[in-house]
Amino acid sequence: MYKDILQSIDGIEFYAIGAMVLFILFFVGMIIWVIRVDKNYIKKMSELPLKEDKSENLNGLMNFKNIQGGANEF
Amino acid sequence: MELEKFSYDNEIVRKFAFATTLWGLVGMLVGILLAIQLFAPAFNFNIPFLTFGRIRPLHTNAVIFAFVGNAIFMGVYYSLQRLCKARMFSDLLSNIHFWGWQLIIVSAAITLPLGITTSKEYAELEWPIDIAIALVWVAFGINMFATIIKRREKHMYVAIWFYIATWITVTVLHIVNSIEIPASFLKSYPIYAGVQDALVQWWYGHNAVAFFLTTPFLGLMYYFLPKAANRPIYSYKLSIVHFWTLVFIYIWAGPHHLLYSALPDWAQSLGTVFSIMLIAPSWGGMINGLLTLRGAWDRVRENPILKFMVVAVTAYGMATLEGPTLSLKNVNAIAHFTDWIIAHVHVGALGWNGFLTFGILYWLIPILWNTRLYSKKLANFHFWIGFLGIVFYALSMWFSGVTQSLMWKQFTTLGVLQYPNFLETVLQIVPMYIIRMIGGSLYYVGVLVMVYNLVKTVKQGSFVKEEQAEAPALAKFKDPLRKGSYHRWLEGKPLTMLLAALVLILIGTFVEFVPTFLVKSNIPTISSVKPYSPLELQGRDIYIREACNSCHSQLVRPFRSETERYGEYSKAGEYVYDHPFLWGSKRTGPDLHRVGGKYPNLWHYLHMENPSSMSPGSLMPSYPWLLTNDLDISSTESKINVMRSVGVPYPDGYEKIANDELDKQAEKIALDLQNGGVAAEPNKEIIALIAYLQRLGTDIKANSVITGQAGN
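Respectively, the protein sequence lines represent chains A and B.
Following our numbering, the residues of the first sequence are numbered contiguously, the last one being 120.
Following our numbering, the residues of the second sequence are numbered contiguously, the last one being 755.
Excised from the complex, chain A in its bound form:
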């Protein structure tokens, strides 16, 4: 049934295969890029949220950073 429906649209072969090829190319390209990418770049990116703003530094204690004893830091 799937075939019957799709065959009734002009140029449908390209439509279905094209979508799959596009995704596979994109996916494979992404994987290759992810495997080869510069380690320093990844490290820098992953640390972006942790680059401190001043107030968060000041509030570090209640923020569970620098916790020594844990329980009494609230």
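Calculated directly from the structure, the hints in this document are not laboratory data.
Hints may contain errors.
As the list claims (entries may be wrong) - Here are the computed lysine to aspartate or glutamate pairs in the DMTMM-like style, where the Cα-Cα straight-line distance is at most 25 Å:
#	chain 1	residue 1	chain 2	residue 2
1	B	Lys193	B	Asp52
2	A	Lys97	B	Glu54
3	A	Lys89	B	Glu513
4	B	Lys508	B	Glu47
5	B	Lys197	B	Asp52
6	A	Lys97	B	Asp341
7	B	Lys711	B	Glu680
8	B	Lys280	A	Glu93
9	A	Lys97	B	Glu196
10	B	Lys536	A	Glu93
11	B	Lys629	B	Asp308
12	B	Lys48	A	Glu93
13	A	Lys97	B	Glu509
Only a predicted model underlies this, so the values are computations on that prediction, with no experimental measurement involved.
Once you have looked at the hints, place chain B on chain A.
Chain B in isolation, oriented as in the chain A frame:
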């Protein structure tokens, strides 16, 4: 390198944080009321505005768009400014976004209890509110993109990608699913009918979960979990793979809400295949979140914020394994229309969205007020009682769903249904409904404790309205790592990113939609299926107003257990004049697609007045107002005109004589009722509703020719 001085806008974050908490309290309280009504229907106090069908969408909308929505904006406005090292582009747009969104929520809270609804799940709001949503959403988008463009940080962290994909996809979803023709100021009909309407709705419904409850929260997870744990995400590479695969695959999975329905088989299978594929990116994301805490689990023991986040991420993983499992046809045959689905969504809502929001609030509020959390003990108490609440909720609903489904399907050795009376299967699970209510209440107690804790925290601190910061301007900033690579090029350009995400989601959308919309043989027409009479059309709108579809499906699946109970299974061609479709997604009561002609008019009259008079022990609420309300027939003409404009073949000039036809049919039903001994008047709403119910599913019983049958 010259440093620019600027400040972060904390005021807008504070506003969204307050709104998150307030609407969370409201939305969850309505949820508890609904849970009580499910075993004690008298708790609607015979007030139309408090009846299950009307406040069920109030609960879902309040929790999804008000509680979770405001939480998203709170998190985005906080994290985006810091990740971009820039203040939000425009304080005015921030405020338009905030107040506009709250206004939309208030208008939802007013219109839904009044029964003003499109009936489409999670898109119930009528067209003027839909337009307001679009405008506010665009204001948010402009503000977000302008902030990203004027950022001082060259690279866009993965959280921002999730925000961008969220924005563009929700835009597409909202526009496509809201294409409707107004019949009056607060009433509209979708241009799609029946099967097509169902496909669009569940493409929307599924992706509202994907791109409103999931992707923005993943963005928040990728920002706030590293913050709270004070360590970078486990694998940034994995987060890139997570993002692109999730955005591509999610959009395809919508049809898994329509398995065994009248939707073409190939579309159902497509939905299943992509649902299974979704496990990979979802679990990649969960593992990435949990492994961020590798070697730091001792801190989770000490820190309630991390506890909340760990359970949230785990709930994400559990719900995204359960979802694909439910989309397998053999599992779906048991789970669909039952409380199992209710369990599934609440693992996501209470666990993933709720607990991540609580974790972020406990982390954020002390920072915004430059103080410490008032009580760690209370936060721990919140965690445990909330966790217990989720366990009670999910276990009872799993048990209830499977029990009821198996009872529906049980045959005796003689080959007849063992529980032919639907009510028997409902009364069996009432204890589970009570346990669910207890679970929800425990969760709510936790939220109340959190509110107390946060109010105390706010009182002891002083709010930092403007947070000073400094960073070098982007133009003067040379990235020493830059070596020219495609992805880096991509993630340096927010609009290119937006387009890439858009192309990915549109591929799946087109593959699903185009054949269903263009190819006639997908919806075989049945010659005896005719448009509704004017009275039936008005009755249908009362059915929509009271949201009967919240508890009753109109879709008999092709199982022997269902054809035995309800009659012939539903065909796609039967719904071609249904604007909107009313298949429903949950059977708290029996299916109604073949109810036409099953009972006399008098039965319906007395049943709507007091259901337990006809079905002793029934848990359906009474609808006494339908017997006394006059039917508004001033709208008939415009309704016929709009229906014709969306393709229902009413003859020319029919709108002029429609009310005469309506009167004739109403007189007939009223006379029949009067002969039965009740003082029914022809101009009451109940007459129209009875006319609609008696019409349901009867067309194919007439002599019919099915054309364009494609062997589905």
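We went through each hint and held it up to the structure:
1. B:Lys193 / B:Asp52: Given pair B:Lys193, B:Asp52 holds - Cα atoms ~15 Å apart, limit 25 Å.
2. A:Lys97 / B:Glu54: Distance ~22 Å between A:Lys97 and B:Glu54 Cα, so the pair holds.
3. A:Lys89 / B:Glu513: 22 Å, holds
4. B:Lys508 / B:Glu47: 19 Å, holds
5. B:Lys197 / B:Asp52: 21 Å, holds
6. A:Lys97 / B:Asp341: 24 Å, holds
7. B:Lys711 / B:Glu680: 21 Å, holds
8. B:Lys280 / A:Glu93: 13 Å, holds
9. A:Lys97 / B:Glu196: At roughly 11 Å apart (the allowed maximum being 25 Å), B:Glu196 and A:Lys97 satisfy the hint.
10. B:Lys536 / A:Glu93: Judged against 25 Å, a Cα distance of about 20 Å means the pair holds.
11. B:Lys629 / B:Asp308: Holds. B:Lys629 to B:Asp308 sits at ~21 Å (cutoff 25 Å).
12. B:Lys48 / A:Glu93: With a Cα-Cα distance of about 22 Å, the restraint between B:Lys48 and A:Glu93 holds, given a limit of 25 Å.
13. A:Lys97 / B:Glu509: 19 Å, holds
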